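Undergrad: Residue numbers (numbering that gives the first Met the number 0), protein chains in the order written: chain A, 0 to 360; chain B, 0 to 360.
These are computed hints drawn from the structure, not numbers from a lab.
Don't take every hint at face value.
Taking CB as the label site, the calculated pair distances span [claimed, not checked]:
#, chain 1, residue 1, chain 2, residue 2, range
1, B, ARG268, A, GLY148, 55 to 63 Å
2, A, ASP55, B, LEU356, 53 to 61 Å
3, B, LYS229, A, GLU314, 55 to 63 Å
4, A, ILE131, B, LYS147, 23 to 31 Å
In the DSSO-like style, the derived pairs of lysine-lysine whose C-alpha atoms are separated by at most 27 Å in a straight line are [as the list claims (entries may be wrong)]:
#, chain 1, residue 1, chain 2, residue 2
5, B, LYS71, A, LYS11
6, B, LYS11, B, LYS45
7, A, LYS201, B, LYS11
Please read all numbers here as calculations on a predicted model, not as lab measurements.
In this text, a Cβ means the ideal position worked out from N, Cα and C, and glycines have one as well.
Protein chains: 2
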Amino acid sequence: MEIKKQSSYFRKNVDKMTGYIPGEQPQDGLYIKLNTNENPYAPSPKVIAALKGEIDERLRLYPDPVSTSTRKKVAEVFGTKPERVMVGNGSDDLLTIIIRSFVSKDDKVVYPYPTYLLYKTLAEIQNAKECIIDFCEDYSLPDEILVKGAAVTFICNPNSPSGTMIPVEKISEIAGKIDGIIVVDEAYADFADDNCLRLVDKHPNLIVLRTLSKSYSLAGMRLGFAVAQKELINGMMKVKDSYNVDRLSAASAVAALDDQETFRQNVSRITKTRERLTSSLTELGFFVYPSQTNFVMIKCKDSYETGEIYRKLKERKILVRYIGQPRLDDCLRITIGTDKEIDTLLKELADIQLVLLNQNS
Amino acid sequence: MEIKKQSSYFRKNVDKMTGYIPGEQPQDGLYIKLNTNENPYAPSPKVIAALKGEIDERLRLYPDPVSTSTRKKVAEVFGTKPERVMVGNGSDDLLTIIIRSFVSKDDKVVYPYPTYLLYKTLAEIQNAKECIIDFCEDYSLPDEILVKGAAVTFICNPNSPSGTMIPVEKISEIAGKIDGIIVVDEAYADFADDNCLRLVDKHPNLIVLRTLSKSYSLAGMRLGFAVAQKELINGMMKVKDSYNVDRLSAASAVAALDDQETFRQNVSRITKTRERLTSSLTELGFFVYPSQTNFVMIKCKDSYETGEIYRKLKERKILVRYIGQPRLDDCLRITIGTDKEIDTLLKELADIQLVLLNQNS
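Turn these sequences into a full structure, and let the hints steer you where they fit.
TA: Spelled out as structure tokens, the structure:
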């Protein structure tokens with residue numbers, strides 16, 4: 000028999016893709032991490048207590064395959080019904096379930112550019128036809144986002160990496176006009192002035208995604224949820240792995256959602272720091288995109304300066320996100336840290352600006 | 000614009016499938032659960048201690064996207080290299096990654112019948128062409144398992160629900176002759192006399208799957224791993240969700256694997272109970288398939304008796320698995336519980352046999 004080359008076992012579309020590369024995750028704890036939009040504050044003490052109460056002999060048993068208690072709690076907090084909620088192993092799991100539910104080979108997957116990179120990766124894995132629509136200069140959405148015959152349109156709102164937000168009325172208008180499913184990925188919505196949850200009633204093709212990674216300080220637990228009309232949730236349930244959410248993640252979600260006070264406090268601290276950081280960065284001469292998230296995107300003078308700032312910050316043990324793709328090569332995305340972390344960042348940034356000035360003179 | 004019917008948003012193949020239905024998971028704790036192959040013994044005390052040590056402020060941070068410490072520990076315990084290991088959110092996650100990596104629409108997916116039902120579900124979601132090969136009467140594999148042009152062949156070994164095992168030499172022979180990828184799903188291999196891990200060196204198309212759900216008593220934590228040559232692992236890494244394994248699952252896996260003594264003790268207790276249960280069931284007149292797993296499959300007189308036994312056991316708060324599909328309608332799958340649970344089962348079974356005898360006379 001002919002010996003096959005090993006790489007040929009993979010599907011062609013998988014072979015040629017590079018895969019999504021997450022932000023740096025140094026495991027040594029020595030950096031001020033402002034690169035992956037984690038929450039700088041600890042999760043609720045109720046989460047810690049709930050988890051400690053769950054760690055016992057019951058870990059030998061499978062979790063509830065339909066995450067009943069988590070869905071009930073989500074429904075209660077967000078004013079919807081459990082049958083309109085689906086829970087995932089992070090919202091990435093839900094994005095994967097969505098693409099496998101609604102997108103066949105060569106179907107059109109639409110998303111604006113630049114945005115969360117995973118939509119591209121998922122479309123590539125599914126061998127879909129990507130329709131990538133450039134955001135307008137001010138990160139509003141052009142009418143081209145309405146693509147005829149689109150199977151799924153992804154809109155990260157507020158958007159990453161820009162931090163900007165499309166008004167809810169505009170999303171509703173798009174949902175009403177669009178072919179296929181519209182996914183509004185609201186990973187950052189808790190830091191915004193508005194959100195699209197109220198649109199679910201009106202639009203049978205709308206799926207709103209949320210995560211506990213950012214606003215509830217639980218990135219380490221992987222818990223996301225989708226809100227959509229029952230018919231969509233029921234179909235997507237067939238596609239998810241049976242036990243996609245483990246016992247401890249489910250318990251942490253219930254406890255986190257139960258403590259709205261800690262949540263509100265942390266979100267309020269972060270948005271306050273965001274406003275201060277925005278002012279200070281503007282004073283330092285950067286253009287700061289108006290942010291509705293727990294990060295800001297800044298525009299530097301040019302791509303050279305951007306790379307230099309990224310590297311020099313890293314030397315000084317501060318990680319920010321340098322995406323370095325077209326249209327973003329002069330931009331940096333900076334997560335909102337604690338006030339102390341942001342003070343350090345601002346001090347080092349000012350110092351790096353001086354160093355760069357001296358280099359050039 | 001024409002209003003689309005909601006169900007039509009789904010892919011046709013997804014719309015028409017029923018989805019995998021996991022075994023009953025009553026959340027009330029009132030049953031003797033012998034239906035989903037959970038381990039009756041608690042996980043290692045080291046797991047409990049490790050988890051308690053992990054529950055703190057760090058939950059706000061993303062987990063290591065490539066699960067470095069878990070892969071190292073797997074490599075150490077199983078005598079392989081970390082680059083040959085991939086970790087998943089249960090081995091179901093790995094099965095999903097495999098089908099998305101290697102199977103395009105209309106590609107052939109091969110598996111014997113009857114076996115783990117998820118292979119069918121995954122093939123349906125991927126819109127693959129299923130080639131279902133009947134096991135021989137004695138649950139050996141016929142030569143028809145070698146399907147020309149197969150993209151992926153799944154072999155659950157030891158097999159569920161039969162409990163039977165294909166010899167490792169036979170698997171090696173198949174791996175050498177087969178087209179495409181062969182997945183040996185060794186969820187139950189820790190309860191068997193042999194396993195296929197040593198074949199990974201020899202076969203560039205082989206992926207061996209393991210889980211900590213059964214032998215390490217961690218079904219609630221969702222931790223599985225794949226062992227394969229580096230080229231396969233590297234490609235599959237592109238397809239997995241970036242943060243598919245959460246912080247606590249990763250920590251529980253390292254601690255569980257680190258405590259080989261508890262593991263061996265529990266496995267040995269279970270296999271001892273399995274032998275006793277096998278003898279007793281045989282004495283009660285059932286045919287018991289030779290098991291290399293933590294469950295046994297028995298053959299009853301007919302499908303009527305099988306359904307009656309299942310129902311009457313459930314009334315008596317004992318759950319066993321009644322699959323009720325072709326060729327299995329006179330079979331029950333019974334998980335090995337504690338000795339006390341198995342004593343209760345045997346007592347109730349004997350009693351139910353008397354009841355059924357009186358009904359018929």
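Undergrad: Which earlier hints turn out false for this structure, listed by number in ascending order?
TA: 2, 3, 4, 5, 6
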